[in-house]
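Please build the complete structure, drawing on both the sequences and the hints.
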Amino acid sequence: MVTQTRLSTDHGSDGPVLAVSGLSKRYGSVVALDGVDVAVAPGELVGLLGPNGAGKSTLVKIACGLVRPTAGAVAVCGAPAGSPAARRSLGYLAELFRFPGWCTASEVLALHQRLAGSVGEEAERRELLALVGLAEAAGRQVAGMSKGMQQRLGIAQALIGEPRLLLLDEPTSALDPAGRRDVRAMLEQVRDRGIAVLLNSHLLGEVEQVCDRVLILSHGKVAAAGRPEELTQPAGVEVQTGAGAKRFPDARREDVPQIVAALVRDGVDIYEVTVIRSTLEDAYLRVVDGE
Amino acid sequence: MSRVLIVARYALQESIRRRVFAIVLVLSLLFLALFTAAAVEASNAASPFGSGRGLIDAREVTAVTLIGLGMFSSLFLATVLAVFLTLGAVRGDAEQGLLQPLVVRPLRRRELLLGRFVAALAVCSTYVVALYGVVLLIVHQAGGQWPDHVVGPALALAGALTVLIALSLLGSVFLSATANGIAMFMLYGAGLVSGLLASIGAVLNAPTVQTIAHDLAVALPFEGLYQAGLHALGSNQNGLTGALVNLGPLGASHAGGTALELWAAAYVAVVAILATRRFARMDL
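For the record, the sequence lines run as chains B and V.
Sequential numbering from 1 applies to the first sequence in the numbering used here.
Sequential numbering from 1 applies to the second sequence in the numbering used here.
Hints in this document: simulated from the structure, not taken from any laboratory.
Check before you lean on any hint, since a few could be wrong.
Claimed, not checked - List time: in silico DMTMM-like cross-link candidates among lysine to aspartate or glutamate, alpha-carbon distance up to 25 angstroms:
(1) K147(B) <-> D215(V)
(2) K147(B) <-> E14(V)
(3) K221(B) <-> D283(V)
(4) K221(B) <-> E95(B)
(5) K147(B) <-> E107(B)
Please read these numbers as outputs of a predicted model, since none were measured by experiment.
Below is the structure:
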């Protein structure tokens, strides 16, 4: 079920910060990506969803130059993916990453500042550590950090040098609910700064809450794409009455006054009316199971 | 600071913070203590032969053999250090997830390899030359002898390590850290065998054995350079003294030369090209 294979590339004069066109990747006989087109606008937060093996991480790795495409083109801020110019424009947090255990949080960031050519120095390190909630851990060695703290440090590292595009591969997989909430808030701050984000995550609720658009990959192809509210569907109206819940599965928001009026006419006590929409999880399962 | 130097500094910092150098220092001191005891004993035992006016200058043979032992041990310890500094530089670090955050920065992959090479070479060549220098001082203090050439063998040791570090980095592109470590020590062992074969071939005057040894030394030029360094230690000795020095287990029958040095340089260049090309095309 392919509802949309090409996202809009009309993002004003700035152009997309990430432009993927006809991208394919094969590992031997395995097709990881098969003709994928994606565009991410400046300041846009795009969620990348899909089952394991759908090609999400491969797409992100090609965008940051870790993996070479078999066919197609990828540009980051107009520069070919993998080129030094493209890499200067992006920040990346890998799904499976490690920082050297002997380094302190501040030393990790300092190393990446030097490699990225950032001139932010101590002030940038302090700001980023504060942004991810590690202000008090600047001098702590990575070896002594929990996985969640290391993941926060990874996000701070990805933000070194004020990138225009942030590629995050499962950035909250090691975080507790409070940590995930913090990352959501951080992503919104990042978006407010005009930084585009491609967020690869299995946490559908998280994606639904923060992303402007969602891209669902399946078997290496874009199986669905759109705004979260475009991917979800009306799922009826539920009315809490004195005699329990009454469900009107085919009803829409516009039908609510008539439903309420009819129930009142029949002498039913009404306590609550809810217009129900399917969740992104429902949409995701519909797309993935329908393949 | 250039990105090569940033990577080199990072690699050096890692070695210091992970106490690699502290362990190397302790082991080196242990080796030097044992070597000092052996040098004093051997020099005393050689003294009664002593004048140097006979057919065999026992003090000279003892001194050169001891220095040969010191060179062998210095190269072995430095090789261990070099291999451990580089064995996981690419695939090993990539498997652990350490490499990916670095190479997505505007850092060319060849710069990363070169940075690791520079760091390992700076550490290991300094170490091997320093250890060799201490060995010379110990032997001189114990028996009053200096080798015929001092600088040449030191440069030969540094050259041998250059080849070994290049090979280890090449291996790290293709192999996991463990596999690369095993491969490197097997190559090092093959080099030793080539040296022993050369000595045996010379003693027995067996051309086929000598040819095999020569071909092995060409294929593994770190051994050729090491043998050239050993040969230079006693290259001015003639007669029976010279024969004993050169044909002993810690001697070498073949001198080095410009051809060997050029071959070793070309070898390192080819290894570097292979490693950078492969790494540049590698999916991480």
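Evaluation of the provided hints:
1. The straight-line distance between the Cα atoms of K147(B) and D215(V) is roughly 52 angstroms, outside the 25 angstroms bound, and the hint therefore fails.
2. In summary, the hint linking K147(B) to E14(V) is supported, as the alpha carbons are separated by about 21 angstroms, within the 25 angstroms threshold.
3. This hinted pair checks out: K221(B) and D283(V) have alpha carbons roughly 20 angstroms apart, not beyond 25 angstroms.
4. Of the pairs offered as hints, the one joining K221(B) and E95(B) holds, with about 21 angstroms between alpha carbons and a cut-off of 25 angstroms not exceeded.
5. The straight-line distance between the Cα atoms of K147(B) and E107(B) is roughly 18 angstroms, inside the 25 angstroms bound, and the hint therefore holds.
Violated hint: 1 only; the structure is consistent with all others.
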